[in-house]
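Protein chains in written order, with numbering that gives the first Met the number 0: chain Z, 0 to 347; chain R, 0 to 394; chain A, 0 to 295.
If you're looking for bench data, these hints aren't it; they were derived computationally from the structure.
The structure presented is a predicted model; accordingly, all values stated were derived computationally and were not measured.
Don't take every hint at face value.
Claimed, not checked - One-sided and incomplete, this derived list gives chain Z residues near chain A with beta-carbon spacing under 8 Å: (1) 69; (2) 168; (3) 345.
To be verified - Simulated DEER-style distance windows between Cβ atoms: (4) A:117 - Z:99: 43 to 53 Å; (5) Z:53 - A:40: 37 to 47 Å; (6) A:117 - R:137: 42 to 52 Å; (7) A:130 - Z:53: 31 to 41 Å; (8) R:141 - A:104: 36 to 46 Å; (9) A:162 - Z:99: 17 to 27 Å; (10) Z:305 - A:45: 52 to 62 Å; (11) R:373 - A:189: 53 to 63 Å; (12) A:96 - R:89: 22 to 32 Å; (13) A:189 - R:274: 19 to 29 Å; (14) A:117 - Z:77: 31 to 41 Å.
Don't be surprised by glycine CBs; every beta carbon is placed ideally from N, CA and C.
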Amino acid sequence: MTLDRRQILAAGLTLGAMSLFPGMSWAQARKLVFATFTGSWEEAHRDVIVPHFRKATGNADIALDPMLSVDMIAKVSAAKANPPIDVMLMDPGPRLSVIGQDLAAPFPVDDSKNYKDLLPVAQLPEGPGIFFQAVGITYNPEKVKTPPTSWDDLWKPEYKGRVGITNMNSTLGTAFMVELAKTRGGGENDIEPAFAALKELQPNLGAVAPNPGALATLFQQGQIDISPGNFNAIQILRARGVPVEFAKPKTGTIAFLTTAHITKNSPNAKLAAALIESAMAPEVQTKLMQAPFYVIPTNSKVQMDGDIARMIAKDQEELKASFVFHDWSVINQNRAGWIERFNKEIKV
Amino acid sequence: MAALQSTRPHRSPEPQTAAETAAGTASEATAKPAGVAVTLDGITHRFGASTAVDNVTLEIKAGELVALLGPSGCGKTTLLRILAGFQAQTLGRVVIGDRVVDSLPPAGRGVGIVFQNYALFPHMTVAQNVAYGLEARGAARDAVRARVEAMLGLVKLDAMRDRFPKQLSGGQQQRVALARALAIQPSILLLDEPFAALDKNLRLDMQIEIKQLQRRFGITTIMVTHDQEEALSMADRIAVLSRGKLEQFGTPEDVYDRPGTLFVNGFVGSANQLRGRVVRASGSVAEVALEAGTVLTAVTPDAALAAGDPAILCVRPENLRLATEAAPQQIVGTVDLALPLGPVVVYEVRTADGGKVKVTEPRVAGAALRAPGTPVRLQPVSPQTCRAFAVPAGA
Amino acid sequence: MTAITAPGLAGPATAAWPRIGREWTLALPLAAFFAVFFVTPLLLLVAVSLYADAEMTRFGLDQYIRFFGDTFNLAVLGSTLLLGVKVTALTLLFGYPLAWLYTRSGPRMQSALILVIILPLLTSVVVRTFAWIVILGRDGIVNNLLLSLGLAETPLRLLYTEGGLVAALVQVQMPLMVLPLITTLSRLDPNLLDASAALGAGPWRGFLKVTLPLSLPGIVAGCLLTYAAAVTAFITQSLVGGGQMLFMPQYIYQQTITLHNWPFAAAISIVFMMSVLGVVMLFNLLGRASKGYVHA
Chain Z
0 MTLDRRQILA AGLTLGAMSL FPGMSWAQAR KLVFATFTGS WEEAHRDVIV
50 PHFRKATGNA DIALDPMLSV DMIAKVSAAK ANPPIDVMLM DPGPRLSVIG
100 QDLAAPFPVD DSKNYKDLLP VAQLPEGPGI FFQAVGITYN PEKVKTPPTS
150 WDDLWKPEYK GRVGITNMNS TLGTAFMVEL AKTRGGGEND IEPAFAALKE
200 LQPNLGAVAP NPGALATLFQ QGQIDISPGN FNAIQILRAR GVPVEFAKPK
250 TGTIAFLTTA HITKNSPNAK LAAALIESAM APEVQTKLMQ APFYVIPTNS
300 KVQMDGDIAR MIAKDQEELK ASFVFHDWSV INQNRAGWIE RFNKEIKV
Chain R
0 MAALQSTRPH RSPEPQTAAE TAAGTASEAT AKPAGVAVTL DGITHRFGAS
50 TAVDNVTLEI KAGELVALLG PSGCGKTTLL RILAGFQAQT LGRVVIGDRV
100 VDSLPPAGRG VGIVFQNYAL FPHMTVAQNV AYGLEARGAA RDAVRARVEA
150 MLGLVKLDAM RDRFPKQLSG GQQQRVALAR ALAIQPSILL LDEPFAALDK
200 NLRLDMQIEI KQLQRRFGIT TIMVTHDQEE ALSMADRIAV LSRGKLEQFG
250 TPEDVYDRPG TLFVNGFVGS ANQLRGRVVR ASGSVAEVAL EAGTVLTAVT
300 PDAALAAGDP AILCVRPENL RLATEAAPQQ IVGTVDLALP LGPVVVYEVR
350 TADGGKVKVT EPRVAGAALR APGTPVRLQP VSPQTCRAFA VPAGA
Chain A
0 MTAITAPGLA GPATAAWPRI GREWTLALPL AAFFAVFFVT PLLLLVAVSL
50 YADAEMTRFG LDQYIRFFGD TFNLAVLGST LLLGVKVTAL TLLFGYPLAW
100 LYTRSGPRMQ SALILVIILP LLTSVVVRTF AWIVILGRDG IVNNLLLSLG
150 LAETPLRLLY TEGGLVAALV QVQMPLMVLP LITTLSRLDP NLLDASAALG
200 AGPWRGFLKV TLPLSLPGIV AGCLLTYAAA VTAFITQSLV GGGQMLFMPQ
250 YIYQQTITLH NWPFAAAISI VFMMSVLGVV MLFNLLGRAS KGYVHA
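If we strip away everything but chain Z, and leave its shape as in the complex, we get (with noise of 0.2 Å):
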C-alpha cells in the first residue's frame, strides 16, 4: 500500500480544519459582504454590478458571497449585532422573515436616483426589488412538439411519467401550488384544489426533485421533458445546448421580485446603499437582462430585447399584464402544514 492510513487521516483533518476555519487566511480589514445567490447568479453579479459599484465608489473593496436567501438570514440572525454580511439577497418569503425578524435597516429611498425608475411593484422602502424571477412550464422542444400554453397541459396522458416537479420546500414548488389552486378556484388561503390536482397529476410524474436546481438537471438527464420552471434556471441549460424552452401560462407567468436589502447593523451601511443603487441603474440591469444573463429587469426605463422580449415580455406594460404576484404574507403563515401535507401524501 502506497497511501498508508495515517496520512490519509492527516490530510483529511488539514482538509476538515481549512473548510471549518475559512476565515484562517484573513488579514485585512472588513470588506463590503454582498450576499448573491449561487451559480449564475454570482457570476452575473460579479461581472456586471461589482464593475459599475466600483466605479461609483472609487474602487471599494467587495466580497462576493453566494448562498440562499435562508442562509443569509441564519448568519445574520445568529449575529445580530455585528452582521457577516452587508447585503441581502431576499426571494419573497424569506423577505418577509427579513421584516419581521427586523433584520434589515431601510433603504436611504430619498437619497436614490434610481428608485422612482422603478417599476411600481418593485417601490419597496425596506428593501427594493432588483430583479423579477418567473416561473412558467419549461419543456423539452424534442419531445414535446406542440409548445404547451396552459398548466392544464401537464395533465395531458402523452406526458405520461414525463412530468417534474420540485417538492414545498423550494419557493418555486410552494409557488407552482399556489398557482394550481389558483387556476382551480382555491387561492393562497385554500390549497386543498391544488393537492386534488396533484394527486390526478401521479400517473404522469416522473420526478419529484429535491430542489429547482435538480429539476433543471433532470431535462439533461432526459429523466423529464416537461416541468414547471424557472426562466432563469433554464438559460444555463439553454447556453449548454440542452434543448429546453420557456413558456408563459396562459393564465399568466409567476413572478417573484428579488429584492435587496442593507443588513441592520451593516458597518457599511453607505457602501451597501450604493451597491443597491448599482444594481437597480437601467445601464446594469440593461447589461444584465442581455445574453447571457437574462435577468428580467425592475427598471422602468430598461428597453426590453432579445430572449427575454420574446419568452417574458416586449416591454413593461406587457409585463405588468402577464406577472401573476402571490400573497407570500398569507403563503408562510400555511406553509408549514401544506410542506407536511405534502411530505405524507406524495409519493412517486
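Assemble chains R and A onto chain Z, guided by the hints.
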C-alpha cells in the same frame, strides 16, 4: 492406512473411515500402522524467471523421517508446500503410496501438517482445534469426541482442552498442532521448521517427543529445517538442498562423514577448506598439494579431478589431531588462538602461507592450553576424513 | 516433560501496557475542541428541543409528543434506519470479496485495487452523487444498456427510487467498509487457511469457520462506519433519492431551513441521534463480543 488407489476421490479418508478410526482408543492409536512411501519425481518449480526448485528427485520410504535441510531460500519450504498440495509444481510428479496426487487438493493427499507458527485457529479451543479436521471430514459427533480425547491424551494436554491457543505456552501450542495434524490419521506428517519458535531447552524435549510419536505411529514424516543439528539428531535420512538443487540425500552419517559436495561439507558441520592443486589422481583418491605447504591424500567424491586441477580439500577440525612427532602428510603452523569449549579446545593454527586451520582436541582437566606462538603439527586421522572437491566457478 | 515457561508470550503482553504518564495531556487540545464545537452545540440542541412552540416562548415536551404522536414521523425514522441496514448489508456483501481479493493479490494489483477503493474518497460526494444521476437517469447508462440489449422496452425508472439510492450509497460508502476489512483480513495468517485445507475442509468451510469469524472485528467496524454514514448522507439521499422520499436528514433540513421550526427540528435531531446511537451501540456490543472471542 488402507490400500490407496489413484482413482480414489480426493476426500481421502471417507467419512465412515474417519469415524471408524476416530472411534479408536489411545492404545489403538499407539499401534504401529505402516506409513506410506513418498516419491518426488523430478520436481521443478519456477516463480516467474527464478527457479525455486530445480529437478529434485527423492524416494522416501514408508515410515521414514526425512529432513529437508538447507539455508533459507534453498527451496525446501516450496518443496514441502508442493508435497502438501498448496502449490502446483511446474514440472514433475508427486507420488504418495501408489497414487499420483498432482491433481489432488491438500485434503485429498492424506497429509498432516504442522506449521512453523503452528497456525492454530485462535478463536477455537484446544479441543475444537483438534476436532476441526474430523468435523470437516464429516465424522460423527461421538467419534470426534473420542478421537479428540485420545489425541489430547497422546500429547498430554487433557487438562488444556478448553483453553484458547493464546493461553498456552509455545510447547503446548506445538503439541496441539501436532494433535490436530495426527487426529485425521494422515499417511504423511509434514513439519515446517517445527522447533524454530521454541527456546533451546524446550526444543530438545519436543524433538524427543516428536521422534517418539513418529516411531510409535510409524508415520512417514518430512521435516523442513535449516538447523543441521536438528536434522542430524532426528532424521533417518537428510536431503540437503542448495539453491533449489538436491546436493545429497543420505543418512546423517553419510551426510556428515561422507559429504558428497563442497556445499554439504561446508553447510553440515564445520570444515577447514584448504586450497591446493591435484598432484596425482587415481579412482576416487587424489593427492593434493596444499598452499599451506603439505601434500595430503584425500577422497574425491565426484571423481572429476585430474592431476594439475585446482582443488579445495576439506577436513573437519575434529578429524585433525595434534601430532607430537614429525611425519609425512602433516600441516605445520603455530597456535594463534585457543578457545576452550568445555569438553574440547578449539585451536586456530596459522600455517606457513598465512592461512588458518581449526583443530579440536579433547580437553583434559587441569591441563594447560597451548600458548599462542607454540609450533604445532596437524595430521588427519585418516585419508578418508579428507575430501577434495573441484573449485566451484567463481570461487 | 520439563516445566514449560513461555517468556516470549508473556513478555510483549506486559510490555504492551503503557505506563500512565503525562501523555494524556496530548489529548487536551482535542478534548477542548470537542467541548467547544461538539458538546456545547449538542447541549444547545437539547435545550432548543425543549421549547414547546416554534416561536420559542415556553418550555415543554410538546415537540417530542408531536414526533411520537404521529405515525408518519415514526415511518420516516423507520425508513431511515432501514435504509442504513440495506446499504450496510449490501456494502458488506460487495465489499467483503473486494477486501478479500485485495489481501490475495500481488503488490502491483494491490496498488491498483487500493486506488480504486480510495478513489471515491478523493472525489467530492456531490460529484459522485451527480455521476449516479447520470448513470440512473431515464437517458442514463443503465437504461441505454438495457434498451440496446433488448432487456427493457421502455426506460426504467431508476432515479428517485429507493433501489437507485441504495446503489449510490453502497458505492459512495464502500471505502468505509473495505478499508477496515482489509486491515483485518491482512492480519490473518495465511497458514490458517492452508491448515484448514490440509485438514480436509473445503474452501467454503474454511471461509465460514476460519476467515469469517476471525474477520468479525473488521466487519463490525466497517458496518458501524457505513451505517452511520449511510443514514446521515444528506446530499446523496436528497439528490439520488429525490424530493418525495423523506429521510431524517432532509426532514431536519426542511424543518430548520424552510420552516424555521427550530424546536421541532432539534427534537427530531435528538430522536434521530439517539436512534442511530442505539444501533451503533448494538454493533459495538457485537464487536466487543467478537473481540473477546478472537483474542480470548
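Going through the hints against the structure:
1. 69: Status holds, d = 5 Å.
2. 168: With a closest approach of 5 Å, the residue 168 (chain Z) hint holds.
3. 345: holds (5 Å)
4. A:117 - Z:99: 43 to 53 Å: holds (49 Å)
5. Z:53 - A:40: 37 to 47 Å: The hint (37 to 47 Å, Cβ to Cβ) holds, given that residue 53 (chain Z) and residue 40 (chain A) are roughly 39 Å apart.
6. A:117 - R:137: 42 to 52 Å: holds (43 Å)
7. A:130 - Z:53: 31 to 41 Å: Once the Cβ atoms are compared, 39 Å apart, the range 31 to 41 Å for residue 53 (chain Z) and residue 130 (chain A) holds.
8. R:141 - A:104: 36 to 46 Å: holds (43 Å)
9. A:162 - Z:99: 17 to 27 Å: violated (43 Å)
10. Z:305 - A:45: 52 to 62 Å: Holds: the Cβ-Cβ distance is about 55 Å, inside 52 to 62 Å.
11. R:373 - A:189: 53 to 63 Å: Holds: the Cβ-Cβ distance is about 57 Å, inside 53 to 63 Å.
12. A:96 - R:89: 22 to 32 Å: holds (29 Å)
13. A:189 - R:274: 19 to 29 Å: About 46 Å separates the Cβ atoms of residue 189 (chain A) and residue 274 (chain R), which means 19 to 29 Å is violated.
14. A:117 - Z:77: 31 to 41 Å: holds (37 Å)
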